[in-house]
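Asks: My numbering applies: residue 1 is where the sequence shown begins, and numbers increase by one.
Think of the hints as simulated: they come from the structure by calculation, not from any bench. There's no promise every hint is true.
To be verified - When the alpha-carbon atoms are kept at most 30 Å apart in a straight line, the in silico DSS-like pairs for lysine-lysine are as follows:
{"#": "1", "residue 1": "Lys152", "residue 2": "Lys133"}
{"#": "2", "residue 1": "Lys133", "residue 2": "Lys153"}
{"#": "3", "residue 1": "Lys153", "residue 2": "Lys136"}
{"#": "4", "residue 1": "Lys350", "residue 2": "Lys382"}
{"#": "5", "residue 1": "Lys67", "residue 2": "Lys382"}
{"#": "6", "residue 1": "Lys136", "residue 2": "Lys152"}
{"#": "7", "residue 1": "Lys67", "residue 2": "Lys350"}
{"#": "8", "residue 1": "Lys246", "residue 2": "Lys153"}
{"#": "9", "residue 1": "Lys350", "residue 2": "Lys324"}
{"#": "10", "residue 1": "Lys36", "residue 2": "Lys133"}
{"#": "11", "residue 1": "Lys324", "residue 2": "Lys246"}
{"#": "12", "residue 1": "Lys350", "residue 2": "Lys153"}
{"#": "13", "residue 1": "Lys350", "residue 2": "Lys36"}
{"#": "14", "residue 1": "Lys36", "residue 2": "Lys152"}
{"#": "15", "residue 1": "Lys136", "residue 2": "Lys67"}
If you're wondering where the values come from, they're calculated on a predicted model, not measured in any experiment.
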Amino acid sequence: MPIPKSHSAQPLNSHSNLHTHWGAPPWHIDFTVRSKPVPPSVDFAIVGGGFTGLAAAAWLRRLAPEKSVAVFEADRIGAGASSRTGGMALAESAAGDLPGLGNVLDGLERILAELDIDCDLSLPGAFEIGRGKGLKNSPIQWNDSGTLRVTKKVPGGTLDPGKLVAGLARAADERGATIIESHPVTQIEWQQRPVGHAVVHAGGAQCSAGKILFATNALALELTALAGRAEPKLTLAVLTEPMDQKPLEAIGLAGGNPFYTVDLPYLWGRCRRDGSVIFGAGLVDADDSLDLTRIDITRGAARNRFDSIERRIHNLHPELREIKITHRWGGPILFRENWRPVFMPHPQSKNAVVLGAYAGHGVALSVYLGAWAAEALLGPRKFPSWGAISEIEWDAHDVGRLQKPFPR
1 MPIPKSHSAQ PLNSHSNLHT HWGAPPWHID FTVRSKPVPP SVDFAIVGGG
51 FTGLAAAAWL RRLAPEKSVA VFEADRIGAG ASSRTGGMAL AESAAGDLPG
101 LGNVLDGLER ILAELDIDCD LSLPGAFEIG RGKGLKNSPI QWNDSGTLRV
151 TKKVPGGTLD PGKLVAGLAR AADERGATII ESHPVTQIEW QQRPVGHAVV
201 HAGGAQCSAG KILFATNALA LELTALAGRA EPKLTLAVLT EPMDQKPLEA
251 IGLAGGNPFY TVDLPYLWGR CRRDGSVIFG AGLVDADDSL DLTRIDITRG
301 AARNRFDSIE RRIHNLHPEL REIKITHRWG GPILFRENWR PVFMPHPQSK
351 NAVVLGAYAG HGVALSVYLG AWAAEALLGP RKFPSWGAIS EIEWDAHDVG
401 RLQKPFPR
């Protein structure tokens, strides 16, 4: 998709300043948001300019072009989880298939086609790998606390996260949504009159909104009422230098299939079009979203875990023994106790929606559910029953002992 002359191509690390201590992923966001004032009022306010928020904004304007939409992003579009993921598109939630979820990958393809977005989506299937019995002709034979082999091939694939962020932002912008960067939302003032309206306080400005979508995932947990009820962490990834076809075939990744382990210790990754390979493993704990933003991957536990990841990679296969690592980065991730996404009305207003906590399955799911949220905000579509937090979760939430592996 050609880049309009008014947009400039920028690497993510120069496009975003807020989380540079999380490292620089290899993606590029080839879209520059045009500066606009905060509107005094909108029909829909979206908090968060990542996959979820931008998909919802574009879908709202597609379905209801007469309705006004504003996206409030604290830093730059994609500065949070969306551009810091590994770009693995998977078919289910981290809790597996859910009642009424539908076909996520088919839905993603339909949304991308409708919005005319090219993000290098490829769906050759994903490898589940493990240390137990593998497939007879497993293309992967890696040494990692036992022998890792492919145990199963499931629906899935990869995409370019930077291109997806840019494509969604462009689609929202071209359809008339207002995207406002560098405007962190600090407060929501819930009002009784007009009925259901709220005042969004963002970057020193105010905007009255008829309905609100909170799409901040692991950040701004106080605004979403998820503080203490879902657990934010930083997931870690590295990128190798590009490899030729022969070594890619030797390590089993020449077919472009992403992979993730079904047992511990956890490992996930995928090959990029230039032959470089992303490997991810490890989590850095954070008590809340503020602590999460303070993590510096060049120091302490995060740095030690990166060193450990690199040692694991070099020992996986002889072809990886001397491979150079060109990038290290981290990305925020949010876990709910039962591993299901949160998709529910905000506790303080039925006209506000909270969507997030994808637990590593957010690449395809966030776009798919972002469009679903747009339809729910407009009225004809209901929220899924599995998206609500139960009274037990509200009163006695404890996710401190996460043991289940999670793909990215």
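Asks: Are the hints correct? Go through all of them and say.
Replies: How the hints compare with the structure:
1. Lys152 - Lys133: Given pair Lys152, Lys133 holds - Cα atoms ~10 Å apart, limit 30 Å.
2. Lys133 - Lys153: It holds: about 14 Å lies between the C-alpha atoms, which stays within 30 Å.
3. Lys153 - Lys136: holds, 13 Å
4. Lys350 - Lys382: holds, 12 Å
5. Lys67 - Lys382: Holds, at roughly 20 Å.
6. Lys136 - Lys152: holds, 11 Å
7. Lys67 - Lys350: At roughly 19 Å apart (the allowed maximum being 30 Å), Lys350 and Lys67 satisfy the hint.
8. Lys246 - Lys153: holds, 22 Å
9. Lys350 - Lys324: Violated, at about 51 Å.
10. Lys36 - Lys133: Violated - the C-alpha atoms of Lys133 and Lys36 are around 57 Å apart, more than 30 Å.
11. Lys324 - Lys246: holds, 17 Å
12. Lys350 - Lys153: violated, 41 Å
13. Lys350 - Lys36: Satisfied, since the Cα-Cα distance of roughly 29 Å is no more than 30 Å.
14. Lys36 - Lys152: Outside the cut-off at roughly 49 Å; violated.
15. Lys136 - Lys67: Measuring from Cα to Cα gives roughly 56 Å; hence the hint is violated.
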